[in-house]
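Asker: Given next are the chains, with one letter for each unit.
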Amino acid sequence: MELRDNDETHKYMLMRGRYSYLRDILYDRMTKIIGSPNNISHSSICAEAEKFGPYYTEGYWGYRQYDVLKAHYILLWGADPLAANRQVSYYSKVWGDVVGKATIAIVEPRLSASAGKADEWLPIIPGQDGALAVAIAHILLVQGLWYRPFVGDFTDGVNRFVPGKTVDESGFEEIYTHGVVRWWNLELKDKTAEWAADITGLPAEQIQRVAEGYGNAAPHAISWVGGGPCMQVRGGYSSMACHALNGLVGAADNVGGTLVSNKEYTGKFPAPDEFMDEIAKKGKKHEKIDQRGRLHLPAIKSGKPGSGVVTNNAADGILNEDPYDIKVAIGYMNNFSFSAPQPERWERALSKIPFLVHITTNASEFSWFSDIVLPDTHHMFEKWGYVKSIGNGYRHVTLMQPIVKNVWDYKIDETEIPWLIAEKLAQKGFDNLLRHFQTYQDPETGKAPADEKEFALYALKLVTQNLWDPSQYKGGDKFSGWEEFSKIGVWNSDPYPFRKRWGNMKTKTGMFEFYSETLKAALQSHAANHGVTVNEVMKATNYLARGETAFIPHYEEPFTLGDEKEYPFVHVDHKSRLNREGRSANCTWYYDFKDLDPGEELWADVAKINPIDARKLGIESGDRIKITSPTGSLICTAKHWEGVRPGTVAKCFGQGHWAYGRLASEEFGKKPRGGNNNDIIPAQYEALSGSSAYYGVTRIKIVKI
Amino acid sequence: MPRYAMVIDRQRCVGCGACSIACRNENNLSEGVYWSHKITETSGVFPNVRFHYLPTLCNHCTDAPCVRGCPTRAMHKAENGITMHAPKKCIGCRYCMINCPYGVIYFNWKESHQFWKNKQVLIPEVTSSPVEETRKVGGTVIPYYNPEREATLAGIRPKGVVEKCTFCDHRIENGLLPRCVEACPADARIFGDLNNPQSNVNHLLGKFKPFRLQEALGTDPAVYYIRDFSASNYPRTKGAV
Amino acid sequence: MKSKIWFGILGVGILLGLWTAFRVYTVGFSLYAKTDVLVWTLPLSTYIFFSLTSAGLAFVSSIPVVFGVHRYDIIEKRTVYLEIAVLLGSFVCLILHIGSPLKVIYIFLSPNPSSPLWWLAMLYHVYLVALLIAFWRINIGKVSKPIGIIVFLIAIGTSTTLGWLMGMTDARPSLNASFFSVYFPLTGFGSGIAALLLVSLVYEQLRGPTGSDKLAELYNELARIMGMIAGVVLILFLWRTIVGGISSTSEDLRAFQHMIGSIPYHIELWLGLVVPAVLMLIPQIRKTSRGKIAAGFLFLLGMFAGRLEFVLSGVIRPLGQMTEGRPEFVSYMPTAYEVFVTLAGFSVMLLVYTLGERYFNLHATPEQR
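These protein sequence lines are chains E, R and B, in that order. Quick note: the first sequence, position 222, residue 222 per my numbering, numbers continuous. Quick note: the second sequence, position 33, residue 738 per my numbering, numbers continuous. Quick note: the third sequence, position 33, residue 979 per my numbering, numbers continuous.
Keep in mind the hints are simulated off the structure, nothing from the lab. Since we're looking at a predicted model, the values are computed, not measured. Some hints here could point you the wrong way.
Claimed, not checked - Now the stretches of chain R that chain E is said to cover, found in silico as 3 or more residues with beta-carbon under 8 Å:
| id | segment |
| --- | --- |
| 1 | 756-768 |
| 2 | 822-834 |
| 3 | 881-893 |
| 4 | 896-907 |
| 5 | 935-941 |
Even glycine gets a Cβ: it sits at the ideal position worked out from N, Cα and C.
Throw the hints in and build the complete structure from the sequences for me.
Answerer: Below you can see the structure in the form of structure tokens.
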């Protein structure tokens, strides 16, 4: 209320972590009606750069699904579907059949769970994925392996893609793609296997073999882009290059290829506009605290500059009071002071916020700095909500329902808490939020919610009405009503409509763009916002591309912090199959089964070092070591392992909590258990998407202690 | 009488450990006790390296050395072929552990679930102690206690005795599959009756050349493995001199 | 005064044992080396040491009773009594080794004759009863030959069954081979003689000579036998090393191969076998009390170490799924509680024996019937 009196509602901030799709009540509607632009999600410390490539080639901003059972070749880029991707359970279920039918090649600097069952392991030098991708594209074109029904062909049928030679664009007739010849001329023509071999540290024969195998499998050849090549400082174009291979072989939207998500028909919450008063409207117009949209941080999600979040930069925004200071903040199911690179900045930023609230299941590193900690419900057993997922050509909308009685007094993060806040605000004279929430009526009875419990249920029924109400039926599974839907608990979409998007993609041209008109427009619009050229945008965002190259998938030399002499190793961060969406670090089984991750050890946090490197340093398995990067250090245990590339050190993310619970930390609030990778990962960004860079971003040194 | 057996398809197995985690919940196992477990190996030298995963559990041997050596018949064969253990007769001599070639028997060196015996509150007046949490949710020793285990065995085995996998005999009795089989997302575990020629296990045993662990010891295990964890193909070659 | 100190020391040993018993039955066996790989450790090896020593003493006591070599009559009473003391020591260690000693009743309620351990347990029960009767008879001056035969047979039974117990574990050939059914009784025999010589001669050193020349002569004879046994055992020991340790390529024997070169291995080889054999080969040394004491002590020390080496060679290499996350060989260092068990075993044995010396006139020669 004080913020409102002072016209400072923009100094309220909401930080979101793990969510259900009832998120918009707390995240969007409440923030807007209070009058703040600052709803900051965790997305960009998650995966945004991975979505960058698919968007600027085929106009899809989201996770893909893969038709693995019908694929003949699966090329995985830093993706580990058996351990750390969406739909782990589905891929786990079918992978034994997939490996029997398809050739599987995996590009990843350390031997991942999926690499353990792969035909080809390509242990690439971190950050060089783009080089391999363009070399594969080069080989596909030179060998004539592109998929003609999708890409088209030379008008006379003669393949003019000869290494080193430019090709006349008019001689090639494209069907569902755009700019393949221009891509060749601008980027691919010299990118031979031999060229890539030097850069990637992989044998030219292996590159050739993989490219040919992949091309021969067209169109049932998946190029599966994970976070690895993308969540890097210059990863945006690797994301494009890796994903563009799907275009060359016609796997995009095709049987045995890479698919987008099926349609689902959940609805939206009532619009907030009429409940936003003048103060709120004014407040919302302020610049966001994460500084998105500035010249060096375009964060162009879905083609709109400044529409993506730059989660990790919010800490700097708060610290420098740039654009302004934050006075009140709520965080829910997030732990940025652990999970974001250089978390020490978050510690300072959170300490600076005069009134900070945390809604959480665990007493985390974020809670540590909070004035009020509100215990949260367990999402699987105590919460109303729904989530969406894709796999096997279907989309699922799954309900989360309270099935056990609350053991203590706590409330649901996304529904009950905002309702109770709205009630309190109404008591203090600001009832807009409560009035807005009262419009969330039960679709069956038309009754307005009277308390937080009814509100949670009605909100869910309201947005899922199209799925369960027979009179609103739009597709997929059909239910007789809410009762049946809530009993079954999941709605499945119609089967995937293959090739429906061919020629009809949400790009500027409608085609699969090898020369991205979509990116060109986005970059030009960002440049225009700041009155500069695209080249200046490239420079400001730390990219090397100039001119036309900025609009095509291309190779960029990786940007890695640290001098090679002082920091001899490149850090390889990876995720644990036991972490998934987090919150396992305080469970005994996490440590008792830690070695389910290849190369890991029970009840230890190990840095995996190739024995050749370890011997040079005189480090044995089991030694305590200190890993230092230019921005921080951590202490963990050394482990000799053959599954890691010499010159790199792989360490799994997940341990190193100094809070989070009696088990997660060795001594709660004092001593961490293991080391947090984020302590050595610098806060760097793939600026075009706003993503935090995790991979190939820093060099490190190791000292035995 | 059925003779229960399990076939583990290593190609289907993805090494996720869901079997072991499910087993732990089903049987109220303490930390460090793995009725369902694995043997892993990283083979080769960079860059020719692979990771191999072999799920393991009690083999329910027909000629079980643990049963032979047990002085009190605490470890014994049930009629359906399951190697069972009766903690009340177990004197804790651990001879079965010496006799078992597979390392699947565990001794309760101390009371199980020490973590949950803790009465200390981490953040006073905010969080609860493990003991209080267990009490509040109506658990026994552990909050996620599974009382169904008590049907044929102590729900949590006391200290001073051994314990091991029972093929979830308490579930089989009720027509349910062992928990690890049900939990396996990859359907890599196939359970059934060797005495029924039409059982799924017999289908698979007829189709593949199975192997069992330490067959040379003549224990006649009832856990069979088919196919290979890595189904890797490789460039055709005759090698070279 | 001296005896007060002595009883004080033994009392402390027994108290440590009681403390250990209290702790392991309240806290748990995690006070021991506490892994599922190191299943059997020092308490068990000490039990084996005592058990075989008592069997060896039974062999000595059988010489006059069973085989009628009457010049041994003069040591009969002490031998049988010492046997009881050593056996009680072994029980202390065994009880503190097993997890649920109260359930031993199930050995009767739910017998399993296919288990060597069951046989061993049965034999021990009869053994203790037979020994007590034997000693009671001797104490009233009348040796019973039938009881003597029973004791002799049981001693053969226990020492060879121990070999069976180990040899049955096909998965651990380091413990294996019927070899131990030979090695155990033989080394046990040596241990028995060594123990007898040690306590008798130490007693004489403290109290002055109690016996006649005949007795001294007998001690020399026993010392000579002990030396011979040390020599024979040395040969068997070396062959065990060569066959199982050097010429074998079997992976399963690597645990034993790993133990070759360990401290207990060398103690057994050099101090326990080579030195006593050499000492007893030299008549000047053999004939002195101190020489016999030294050789007896070293032989026992060697056997004590050897039993530990033997048990460890069976367990240090994890099998099957126990290999996960562990090195090929796990290292072992006894915990304080394990040492307490051993000390308690020795204290009980020595206390029982000392009381016997004090109250039962152990140098008396029973009448042979």
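Asker: None of the hints should be skipped; say for each whether it holds.
Answerer: The hints, checked one at a time:
1. A stretch counts as covered by a chain when three or more of its residues have a beta carbon under 8 Å from one of that chain; for the segment 756-768 of chain R and chain E the count is 3, and the coverage holds.
2. For the segment 822-834 of chain R, the assignment as covered by chain E holds, since 6 residues bring a beta-carbon within under 8 Å of that chain's beta-carbons and 3 suffice.
3. With 4 residues having a Cβ less than 8 Å from any Cβ of chain E, the segment 881-893 of chain R passes the three-residue criterion, so the hint holds.
4. A count of 0 residues in the segment 896-907 of chain R with a Cβ less than 8 Å from any Cβ of chain E is obtained; the coverage claim is therefore unmet, three being the minimum.
5. Counting residues of the segment 935-941 of chain R whose beta carbon lies closer than 8 Å to any beta carbon of chain E gives 6, which reaches the threshold of three, so the coverage claim holds.
Hint compliance for this structure: hint 4 is the single one not met.
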